[in-house]
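Same order as they appear, the protein sequences are chains A and B. Position 242 of the first sequence, counting from 1, maps to 230 under the working numbering, and the rest follow consecutively. Position 129 of the second sequence, counting from 1, maps to 139 under the working numbering, and the rest follow consecutively.
It is worth saying that the hints were derived from the structure and are not from the lab. It is possible that some hints are incorrect.
[Stated by the list, open to error] Chain A stretches covered by chain B per the calculated footprint, using a threshold of three residues with CB under 8 angstroms from any CB of chain B: (1) 13 to 22; (2) 92 to 99; (3) 135 to 141; (4) 211 to 220; (5) 264 to 270; (6) 327 to 335; (7) 561 to 570.
[Said to hold, decoys possible] Here are some, though not all, of the chain A residues that point toward chain B, as calculated from beta-carbon distances under 10 angstroms: (8) N106; (9) Y146; (10) N158.
Every residue gets a Cβ at the ideal spot worked out from N, C-alpha and C, and that includes glycine.
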Amino acid sequence: MTNYNSSNIKTLEFDALIIGGGGSGMRASLELAKSGLKTAVVSKVFPTRSHTVSAQGGITCSIQSADPNDDWRWHMYDTVKGADYIGDQDAIEYLCSEGPKAVFELEHMGLPFSRFENGRIYQRPFGGQSKDYGKGGQAARTCAAADRTGHALLHTLYQNNVKEGTNFLNEWFAVDIVKNAKNEVTGVIAFSIEYGEVAYLKAQSTVMATGGAGRIYASTTNALINTGDGLAMALRAGYPAQDMEMWQFHPTGIYGAGSLVTEGCRGEGGYLINKDGERFMERYAPNVKDLAGRDVVARSMVLEILEGRGCGENNDHIYLKLDHLGADVLNAKLPGICELSRTFAHVDPIYEPIPVVPTCHYMMGGTPTNINGQAFNRIDGTDSIIPGLFAAGEAACVSVHGANRLGGNSLLDLVVFGRATGMFIQEDLKSGGGVKSADKDDIDNALDRLNTLNNSGSGYETAEVKKELQQCMQNYFGVFRRGEYMKKGLDELQEIREKVNQLHLKDKSNAFNTSRVEAIELQNLFEVAEATAIAAYSRDESRGAHARDDFPDRDDERWLCHSLYDPLSKTVSKRDVNFNPSEVEAFPPIVRTY
Amino acid sequence: MATNILEVNMYRYNPEEDKFPYIKQYQIEKPAKDIMVLDLLHLLKEQDESISYRRSCREGVCGSDGMNINGKNGLACITPISSVLKKNKIELRPLPGLPVIRDLVVDMTEFYAQYEKIKPFLQNSTTAPEQERLQSPEDRDKLDGLYECILCACCSTSCPSFWWNPDKFLGPAALLQAYRFLADTRDLKTNERLEDLSDPFSVYRCHGIMNCVNVCPKGLNPNKAIGKIKTMLLKDKKEIITTDGAMN
């Protein structure tokens, strides 16, 4: 194939470029479309196919509907505790205090929230929620549209972007960041999946809103498209990633299929049982039982299975019991779950329990940003803003989820920080911010990977190498981790790296060539997997979702900090956690029990 | 043919290589357990990487992988092969009625254009309250069966009226959404929305063939929604406003 270079591809120029058409990307674009800046959303799928659509249970926020006395500070306390104290408290304060505004805006845009009798938005209990800073019992703080909140939210955002005339580059795939000699980001190289046309999308501000990368694991609730493209592009450009060892395993993925079963099931009164029919969470979390933090519930389930009390022929899963709630509640509150269970587990939850198993669900780590969405690098021990680069949503690590995200906080993260990023870029560009240009060499460099792949004449097959990668991560970097096993995993990753560098793209055609997309996605997955592995091996303590057999305790003296992975040296350094919220006193770390 | 072999007949077309589309036959060992059509496609793509299809969530909520499976539109990811196999054979074609980009991938521009035409967003120019606009659970219930649409296009591309007038007849998917906003007590543009639908084509080309209801992978009923729109079009528009007015 012909080599692409700066003189044979076209340039499309924008003020702001948003990579990713999920919740955070479309919330940012909505803000920018209204401002009159020339904005484009680049999405590898039609926006409503983005993974936000799969979110079920809801969006957690103290809108004081279920409880008129609810307080965003209580939500903040829960989030800080849920994060096992390495969430940045200034960011969490912003998330929880701005949240109600962002949720009411969604309602005004038309999001079809479920309702209470008084006409206000329905809220349900979720794990890790409390009243009065953990002293007032279980709270019900998760705003829901039945169990299809993500679908309702994503479609509402798309609809409002249609209303505002947002410019979409649908089924365009971003390949690599273009950066200039000053290390500023000036846009991306991308191609149209439909026609294969390659272009330099030039922008003063580039937002990575590319979501998570759950596909680094063999078993995940994530969509097939969750391949960490934005984070991988940033890593390849030499920018760091934060807290990459922190991966959430959701307690209830459907056994065998991986599809998510919302925590809302337990919020509505469902509970987990082992093969003896015992409600075992009473032993692990005597106070809140099945509504403990997700990391706690997932580990308890794995322990039950390891100790021989798993369900089924092979004692390798757990049952989620819902039938006692009755057909009326299930049909009204959890209709999507009933549908998924029938399709993928072949059980009807109205009569039988759903077989579930902890399944990779969410990436707490990501490109480090401040609350304006500005990505930063670490230079000589201080944070240094990367001009032109932003990140929001799951792709970013701002960090509000720390070592463990609370259920319902990801949708809130999307809208609050998508919105904040959009607002900041607007102000920034109007006051002369933004980056200028890259020269020919910079553009050519960013085209390297695409050219190499297009010219591959022999090598490894994408599907095979992907399976190897996913199995390696599943085996050595799952719910429980141990140094010696992770070392083995790291060695395996080195071999996989060689193969990833030598993928063979047999099909060189241009029209809707999904093999080209999948090869690049695999390279992206690898970058994220490697960052995960190195960060996990480095953190020799247990905290939140990162549970080490060989270091079972939390070690605040050494590790009450973020891990920062540098892709150039492949090493991990430490970065302070923010304990300086502006309106409230910081919550100091205490022992985390439920 | 041996009973442990599946025969898959797939519509293939690559505009750069093929003058005309053709059906290619694949044979594949029947998997030990029942799998979804999408999983079958993944297996075939491992054999032949040139096969192209859309997919994302693989659980029936994103609407990417609508296709024609043994003559009926559906989502590949939630269609078990056991439910469609006929004598160990399965035929996969792109959604009918839209231009084919490649293999099982269709150009959905026209489908999305019809969706945009119905102004698929809440219109309420009154000053928004500090908190949410109130809506009773009964009023909210009116949106059930409407808002769940995933825009997979299985319905519209199974509709002969849409095949005939894809530019003028809105099609079941867009009409379902048109009714979703007509039924929302928070939306105040009922008159204008009805006005936009009152020409001879937009709604009235629906002849109640019901293919849309038959194929919807989410179990929705566009035909019923279209019936309700027709009823609203017949009623005095002012009366509709007073009975369906928003709570605030």
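Checked hints:
Under the rule that three or more residues need a Cβ within less than 8 angstroms of chain B, the assignment of the stretch 13 to 22 of chain A is violated, with 0 such residues. Beta-carbon proximity to chain B at under 8 angstroms applies to 5 residues in the stretch 92 to 99 of chain A; the threshold of 3 is reached and the given coverage holds. Counting residues of the stretch 135 to 141 of chain A whose CB lies closer than 8 angstroms to any CB of chain B gives 3, so the stated coverage by that chain holds, three being the minimum. Proximity of the stretch 211 to 220 of chain A to chain B, defined as three or more residues with a beta carbon under 8 angstroms from a beta carbon of that chain, is established by the 3 residues found.
Residue count for the stretch 264 to 270 of chain A with a Cβ under 8 angstroms from a Cβ of chain B: 0. That is fewer than the three needed, and the coverage hint is violated. With 4 residues carrying a beta carbon less than 8 angstroms from a beta carbon of chain B, the stretch 327 to 335 of chain A meets the three-residue requirement, and the given coverage holds. With a cut-off of 8 angstroms between beta carbons, the stretch 561 to 570 of chain A has 0 residues touching chain B; three or more are needed, and the interface restraint is violated. About 7 angstroms separates the beta-carbon of N106/A from the nearest beta-carbon of chain B, less than 10 angstroms, and the hint is met.
With a least beta-carbon distance of about 8 angstroms to chain B, the hint placing Y146/A at the interface is held under the 10 angstroms criterion. Because the beta carbon of N158/A sits about 9 angstroms from the nearest beta carbon in chain B, less than 10 angstroms, this interface hint is met.
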